[in-house]
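Undergrad: Next come the chains, spelled out residue by residue.
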Amino acid sequence: MATRALRVLRVTCPACGELCEVHLDEETLAAARSSPTGLAGVADFHGDHILVLYIDAEGRDRGVRVYRALQRWEVIRVNPSFLSYMSEIRGFRVSAGSVVECFQDSPRALIRVSGGDVELEAALRSFERAGPAVAWMEEFLEGLRRGARAADLGTLLLSMLILDSCLALKPLWGAARAFEAVLKSRRLVVRVDRSAAELFKVYADRIRWLYAGALDAVLEMDGWRLIDALAARDAITARERLFSVLALERRGIVRLEVVA
Amino acid sequence: MSAWRAAYEALSKLLNSAKGAEWAAELRGLAARVSPGKGEPDPLLLKAFTFLAERAPALREEERPWGEPAFRLFSEAFMLSREFMSLLRRGLTSIKPPSYGAVVDLHSGPGVCLEVAAELWSRLIAVDPFDENLELVEERMRGVGVSGYKLVKGDYVGLARLVREPVSVVIVASPSNWFYELREVAGRVYSVLEPGGFMLLLAPLEWGEPSPVTPFIRALGGASRLDAGYIEDWLRMEGFTRIKVRRGDLLTLMTAVKP
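If you read the sequences in order, they're chains A and B.
The opening residue of the first sequence carries number 1 in our numbering; numbering runs sequentially from there.
The opening residue of the second sequence carries number 261 in our numbering; numbering runs sequentially from there.
Derived from the structure by calculation, the hints contain no laboratory data.
Check each hint, because a few of them may be wrong.
[As the list claims (entries may be wrong)] With a straight-line cut-off of 30 Å between C-alpha atoms, the simulated DSS-like cross-links for lysine-lysine are:
no.: 1; chain 1: A; residue 1: K170; chain 2: B; residue 2: K410
no.: 2; chain 1: A; residue 1: K201; chain 2: B; residue 2: K298
no.: 3; chain 1: A; residue 1: K170; chain 2: A; residue 2: K201
no.: 4; chain 1: B; residue 1: K298; chain 2: B; residue 2: K273
no.: 5; chain 1: B; residue 1: K298; chain 2: B; residue 2: K504
no.: 6; chain 1: B; residue 1: K298; chain 2: B; residue 2: K279
no.: 7; chain 1: B; residue 1: K356; chain 2: B; residue 2: K413
no.: 8; chain 1: B; residue 1: K504; chain 2: B; residue 2: K356
no.: 9; chain 1: B; residue 1: K273; chain 2: A; residue 2: K201
no.: 10; chain 1: B; residue 1: K504; chain 2: B; residue 2: K410
no.: 11; chain 1: A; residue 1: K170; chain 2: B; residue 2: K504
no.: 12; chain 1: A; residue 1: K201; chain 2: B; residue 2: K279
[What the hints assert, rightly or not] Distance ranges between label pairs, derived from CB positions:
no.: 13; chain 1: A; residue 1: R233; chain 2: B; residue 2: R443; range: 52 to 62 Å
no.: 14; chain 1: B; residue 1: V505; chain 2: A; residue 2: R112; range: 32 to 42 Å
no.: 15; chain 1: B; residue 1: Y360; chain 2: A; residue 2: R208; range: 54 to 64 Å
no.: 16; chain 1: A; residue 1: A231; chain 2: B; residue 2: G489; range: 53 to 63 Å
no.: 17; chain 1: B; residue 1: V417; chain 2: A; residue 2: G97; range: 17 to 27 Å
no.: 18; chain 1: A; residue 1: K170; chain 2: B; residue 2: M345; range: 22 to 32 Å
Glycine included, every Cβ here is placed at the ideal spot set by N, Cα and C.
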């Protein structure tokens, strides 16, 4: 787990050109020292791709790579700046073949849920709502069990953001399906059934509580990859888009087609 | 606006969809005996039944068509129609159970009945065998700001095991129920109701002539008997009393009390 930053490296992502700051701490340097290659990777989340900066035991920049897929048995330490997008979670570790972790400092306590070969640990800003948080984390874990093989670092981090945005809510029936969809979102394409949408339009004004404008927004997404449909400025908007897509999927207005 | 007329007008689409299928002859025979009804068709129900007619051949291929997304969409449209909502409201406001026990929506489908029941009761339970239906019930409950609900996965067979608390009202109304044997459902409902509790049944029951809904149910492989007199007799045989019947245009509302 990371502690206080010893050094900050500034790198430009070769994929999107974003200038990012990577905070190095003693534990990252220790990971590089103990690694057979003498290097440790620090990941920075860039939406549809991940920038990994490799550093040596002295904290020197030894190159960058852009990843889309998560390699099995890889250990990725995500830049703690990612936590600034979260409101409830202040650090996490996800183990599902590979290990992805993100900590700003050493947490006093972690909630751990595990089952099968997947595990999620999270440090929360407040443990007052630990009960619902555990319920959400268990749903996340079930989604991870079903969707881990199709997941990559980008979809995994997106699903963590959505999990974080859910923790303040009452747990939802079947939320695992939502997390599974996010984890697989790069391989799912939104297909709209026009005839079903026409029927829905006739009575949509009788269920005004369904996210306003959801149908029109999702109809525009016909043929989009789900990950693109979920792209939003913040996690709450991404969550609402996800729930809108799934609300229409339950009614057969949208189908999530698996593509290679 | 006529609900009957809407279902009747969509029958021609159903027969078109069934063309060439083995089961088309039975449908033609049934449809020929359905009277056309009077008035202008309810536009929502006309659209809903037309949609169901188009999807019927594909739905029929499924083991449980009433669990498919297309049927869920049809059910929600059907249940939000004027005919369904007005009879449901009338039924729910007319009953006076002896306590404030739970209201169970059996085979809840999209949960429209619980949304209406939530205006009158605070302890609500949806029982349905499909996760997607329960997700939809939850979406609906949260949408209207109701928090006192429970979701239970299962069907009428396990009702007594699934619902342990006192039950004042059981609603049997969503179109999913068209595919269950109502006689058997009534028996299980009787066993979970507290004395003085009500069963509320809302369905396209038949009164001496086929309902225009019956060919749709047959097209999807449903076979339960929806004869109003037969259902009323069964309710009495199960032990229900004070049976009240209200006929709408297409639907019939029956309320019955466990003594």
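Undergrad: Now tell me if each hint is right for this structure.
TA: Going through the hints against the structure:
1. A:K170 - B:K410: Satisfied, since the Cα-Cα distance of roughly 13 Å is no more than 30 Å.
2. A:K201 - B:K298: 26 Å, holds
3. A:K170 - A:K201: 29 Å, holds
4. B:K298 - B:K273: 19 Å, holds
5. B:K298 - B:K504: 25 Å, holds
6. B:K298 - B:K279: OK: K298 of chain B and K279 of chain B at ~27 Å, within 30 Å.
7. B:K356 - B:K413: Between K356 of chain B and K413 of chain B the Cα gap is close to 28 Å, so the pair holds against 30 Å.
8. B:K504 - B:K356: 13 Å, holds
9. B:K273 - A:K201: Given pair K273 of chain B, K201 of chain A holds - Cα atoms ~21 Å apart, limit 30 Å.
10. B:K504 - B:K410: 29 Å, holds
11. A:K170 - B:K504: 40 Å, violated
12. A:K201 - B:K279: 29 Å, holds
13. A:R233 - B:R443: 52 to 62 Å: 56 Å, holds
14. B:V505 - A:R112: 32 to 42 Å: At roughly 58 Å between Cβ atoms, R112 of chain A and V505 of chain B fall outside 32 to 42 Å, so the hint is violated.
15. B:Y360 - A:R208: 54 to 64 Å: 29 Å, violated
16. A:A231 - B:G489: 53 to 63 Å: 59 Å, holds
17. B:V417 - A:G97: 17 to 27 Å: For V417 of chain B and G97 of chain A the Cβ distance comes to about 40 Å; the hint is violated.
18. A:K170 - B:M345: 22 to 32 Å: With Cβ atoms ~27 Å apart, the hint holds.
Violated hints, listed in ascending order, are 11, 14, 15, 17; each of the other numbered hints is respected by the structure.
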